[in-house]
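**Student:** Listed here are the chains, written in short residue letters.
Protein chains: 2
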Amino acid sequence: MEILITNDDGIYAEGIYALACALKKAGNVTVVAPDTQRSAVGHAITLSDPLRVTEARRNGKFFGYAASGTPADCVKLGIKAIMKRRPDLVVSGINLGGNQAYNILYSGTVSGATEGALLGIPSMAVSLDTFVKPDYGPSAAFALKMARQLGRRGLPPGTLLNVNLPNLPARRLKGVRVTSQSRTCFNDWFDKRTDPHGSTYYWMTGDFKPVDTNASTDLNALRAGYVSVTPIHFDLTNYSFMPELEEWGLGL
Amino acid sequence: MEILITNDDGIYAEGIYALACALKKAGNVTVVAPDTQRSAVGHAITLSDPLRVTEARRNGKFFGYAASGTPADCVKLGIKAIMKRRPDLVVSGINLGGNQAYNILYSGTVSGATEGALLGIPSMAVSLDTFVKPDYGPSAAFALKMARQLGRRGLPPGTLLNVNLPNLPARRLKGVRVTSQSRTCFNDWFDKRTDPHGSTYYWMTGDFKPVDTNASTDLNALRAGYVSVTPIHFDLTNYSFMPELEEWGLGL
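Protein chains in written order, with the working numbering: chain B, 1 to 252; chain R, 1 to 252.
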């Protein structure tokens with residue numbers, strides 16, 4: 001199996017190293033990842049600048065290709081310019097920090113996997129729901145298991161998997177749940193400050209609003225100690241609202 | 001009606017000026033837009049840098065607030081830091097270039113409206129499907145009409161409207177269609193070049209694959225000379241695939 005790996009924390013992050021080491025047990029791994037951290041870039045692509053690619057070494061050995069772009073750029077580059085064979089699987093991660101609820105809209109990690117799915121390849125994003133003391137071991141082991149499943153079963157066109165793990169040792173993980181995307185929003189605000197030169201600037205900050213009560217969401221599965229696996233797609237059409245919108249009688 | 005306007009072409013673009021002038025007929029307009037062009041930024045937000053806001057003048061008069069961030073940043077800033085009253089409507093555009101099919105995933109214009117909807121405000125994105133000789137008149141007139149409808153009717157939670165117009169004079173527009181997002185992909189590739197110093201770089205380029213045959217999509221409505229109005233939402237869960245995924249029997 002040919003596997004393309006990317007992330008949004010950058011090619012020198014700990015999570016992508018753990019992922020690449022684990023997935024080598026399932027096939028040939030090619031890493032193409034941003035040369036620096038690109039978190040919260042959403043599904044951005046680089047149109048107005050040329051992209052640079054350099055070889056990256058880790059622990060004294062060739063590890064992969066570092067690109068001057070976003071995760072979506074990296075997946076396009078990997079498939080269309082770097083890999084000799086089309087990959088059978090695209091995996092993005094392991095992200096430091098969960099990607100659940102509406103946060104997946106901002107997620108570079110998810111967008112890497114989305115780009116793989118757009119290009120017709122079974123794809124998944126893997127994130128570890130913590131910012132402190134991450135233990136990537138259980139996530140890497142689960143990613144390997146999922147990679148083998150995906151290699152065998154594939155996914156429907158236009159669908160990818162968004163996988164999140166709580167930061168727990170393997171023995172304390174309660175199991176795996178197929179989940180839906182929580183509709184809980186991030187509650188953000190701005191911290192307004194003045195710089196030493198008297199000019200105003202703003203820092204964005206925030207937290208999650210109270211958790212929804214739907215036990216089958218990604219957010220609640222994680223909080224209960226389960227691995228969450230959410231199938232997502234990118235036909236954003238709200239079909240159920242179309243008949244009502246037709247009744248608006250829109251005209252010029 | 002309080003109206004917040006943003007875009008991704010930047011506060012000095014022609015399209016946002018046409019939009020702001022038109023919407024002043026429907027309410028109080030506040031413009032908060034990127035200080036430079038931010039196309040194809042997807043739903044990015046700025047977490048690792050502070051945001052700067054300056055006042056922007058056009059035609060010798062105060063026009064709005066220029067921010068050092070993405071369209072999603074601008075909408076957050078507008079609502080949470082700049083406007084005294086919460087807006088009744090968020091409008092993003094008028095974009096130079098259509099935002100249809102899977103391209104909406106990369107679109108800064110759509111992401112501005114998405115952010116408005118995430119914050120619970122009726123929102124729409126407006127794009128003009130051309131890169132040459134844009135005539136923003138018909139788009140601005142239609143945006144005004146839609147803004148009044150949205151002010152009166154609102155939208156269901158988590159839903160926004162993605163509006164595209166063909167670049168035709170008003171008398172040649174054939175009408176308005178409620179559409180779904182086309183599943184046609186952008187077919188992109190890389191132009192590999194060598195710089196004067198001998199280093200390799202890549203330019204991303206591409207075109208649409210052959211158009212789908214479904215007449216009710218945004219892409220085909222535009223090609224047939226209609227204005228397309230697509231209701232979109234951002235619960236990305238592929239609910240129909242969940243039962244099959246349950247049958248995979250995922251475990252640790």
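Read the hints as simulated data drawn from the structure, not as lab findings. Small disclaimer: the values here were computed from a predicted structure and weren't measured. One or more hints might be untrue.
The list cannot tell twin chains apart, which means a pair is met if one copy fits it or any two copies do.
SDA-like, lysine to any residue: derived pairs with alpha carbons at most 25 Å apart [unchecked claim]: (1) K61 to G27; (2) K25 to A56; (3) K84 to Y201; (4) K80 to R183; (5) K209 to R223; (6) K174 to I82; (7) K174 to G158; (8) K25 to M242; (9) K209 to L252; (10) K84 to N167; (11) K209 to L47; (12) K209 to P156; (13) K61 to L250; (14) K24 to R57; (15) K84 to C185; (16) K192 to E2; (17) K174 to F190; (18) K24 to T36; (19) K61 to Y239.
**Student:** Enumerate the violated hints, using their earlier numbering and listing them in ascending order.
**Tutor:** 6, 7, 8, 9, 10, 13, 17, 19
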